[in-house]
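J.: Listed below, chain by chain, are the residues.
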Amino acid sequence: MPRKKEDKMVLVNAYIPKEMLEELDRLVAEGVYPSRSEAVRRAIGELLAAAKGRKSSDDVYPNDAFIIGR
Amino acid sequence: MPRKRAEERMPVISMHMPEELLEELDGLVRQGLFPSRGETIRFAVWELIREKLQHQQPQRVVANRKKMTLVSFHMTRKALEVLKSLAEERGVTVSDLVREAVHRLVRDVAGREIVWRDESELRVTKAVEDVASKINRDGIIEKHELYSYLFETHKLSYHEIYNKFLPKLREALQRKNLVLIENEVGDFVVIDIMKLVKERKEVVAYA
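Residue numbers (this note's numbering), protein chains in the order written: chain U, 12 to 81; chain P, 42 to 248.
These aren't lab readings, by the way, just hints derived from the structure by calculation. Predicted, not measured: the structure shown is a model, and the values here were computed from it. Treat the hints loosely; a few may be bogus.
[As the list claims (entries may be wrong)] Derived contacts from chain P toward chain U, CB cut-off under 10 Å, selection only: (1) Ala-104; (2) Asn-105; (3) Lys-108; (4) Thr-110; (5) Val-112; (6) Thr-117; (7) Lys-119; (8) Leu-127; (9) Glu-130; (10) His-144; (11) Leu-146; (12) His-185.
All C-beta atoms, glycine included, are put in the ideal place defined by N, C-alpha and C.
Please take these sequences and the hints and turn them into a complete structure.
T.: The structure is reproduced here in structure tokens:
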């Protein structure tokens with residue numbers, strides 16, 4: 012089934028400190044996450060979920076806001 | 042870094058679970074909160090581990106703002122929109138949010154707290170080392186000269202000199218048995234404690 016427009020993946024670039032990236036890579040090397048990208052997606056997912064938790068209205072963050080990649 | 046499929050890196054586990062609980066899990070998947078049963082369980086397990094790790098003191102990792110690395114990843118258009126709206130709401134950039142997110146993840150999952158190296162602290166420490174290395178005996182240091190040197194060579198502000206530099210310099214000098222005090226015109230007087238004690242002994246002996 013073709014993906015909906017909103018489910019299409021887009022490439023995102025961000026700058027993070029070298030030390031932070033090394034910590035991410037360590038988690039990947041330890042097998043906690045399958046890849047660096049997956050770790051970043053999980054991190055963002057949790058941030059958005061936490062932000063959503065602080066909101067009184069769900070309109071700002073839709074229910075599936077923290078499904079950010081598969 | 043070599044990439045591997047998630048399935049290759051993650052061992053399969055089978056477990057017994059009450060049907061009611063399984064139905065609840067499937068309900069979360071149907072609602073679109075999680076893409077699959079597996080993802081729901083992994084999320085729950087991580088929440089459990091994170092909760093446990095939160096009680097432990099995180100180890101500090103010092104990061105330098107000047108050494109940033111580009112990280113690229115894919116995410117859904119919809120999630121990016123949500124991220125952008127959150128960035129707009131907080132008045133920050135998407136990169137700021139990514140850093141915040143990774144910071145939380147590393148802290149909660151790996152138990153390591155990323156802290157920024159304070160650039161002001163670095164400048165002050167350098168200045169203290171420099172000035173302390175030049176003061177080896179008692180004497181007077183003119184305030185104007187010292188301040189000009191600190192402004193020009195170490196780019197310190199008045200605030201940094203008063204609140205950070207001078208207390209640290211006093212500590213550094215104490216280790217060399219020197220005391221720094223201000224005289225009535227505001228210049229700094231360096232007193233050699235050992236020399237003072239010796240002189241006092243001589244005075245007592247003479248008396």
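J.: Each hint should be assessed against the structure and marked as holding or not.
T.: Structure-based check of each hint:
| no. | hint | verdict |
| --- | --- | --- |
| 1 | Ala-104 | holds (4 Å) |
| 2 | Asn-105 | holds (7 Å) |
| 3 | Lys-108 | holds (5 Å) |
| 4 | Thr-110 | holds (5 Å) |
| 5 | Val-112 | holds (5 Å) |
| 6 | Thr-117 | holds (5 Å) |
| 7 | Lys-119 | holds (4 Å) |
| 8 | Leu-127 | holds (6 Å) |
| 9 | Glu-130 | holds (8 Å) |
| 10 | His-144 | holds (7 Å) |
| 11 | Leu-146 | holds (4 Å) |
| 12 | His-185 | violated (40 Å) |
Hint compliance for this structure: hint 12 is the single one not met.
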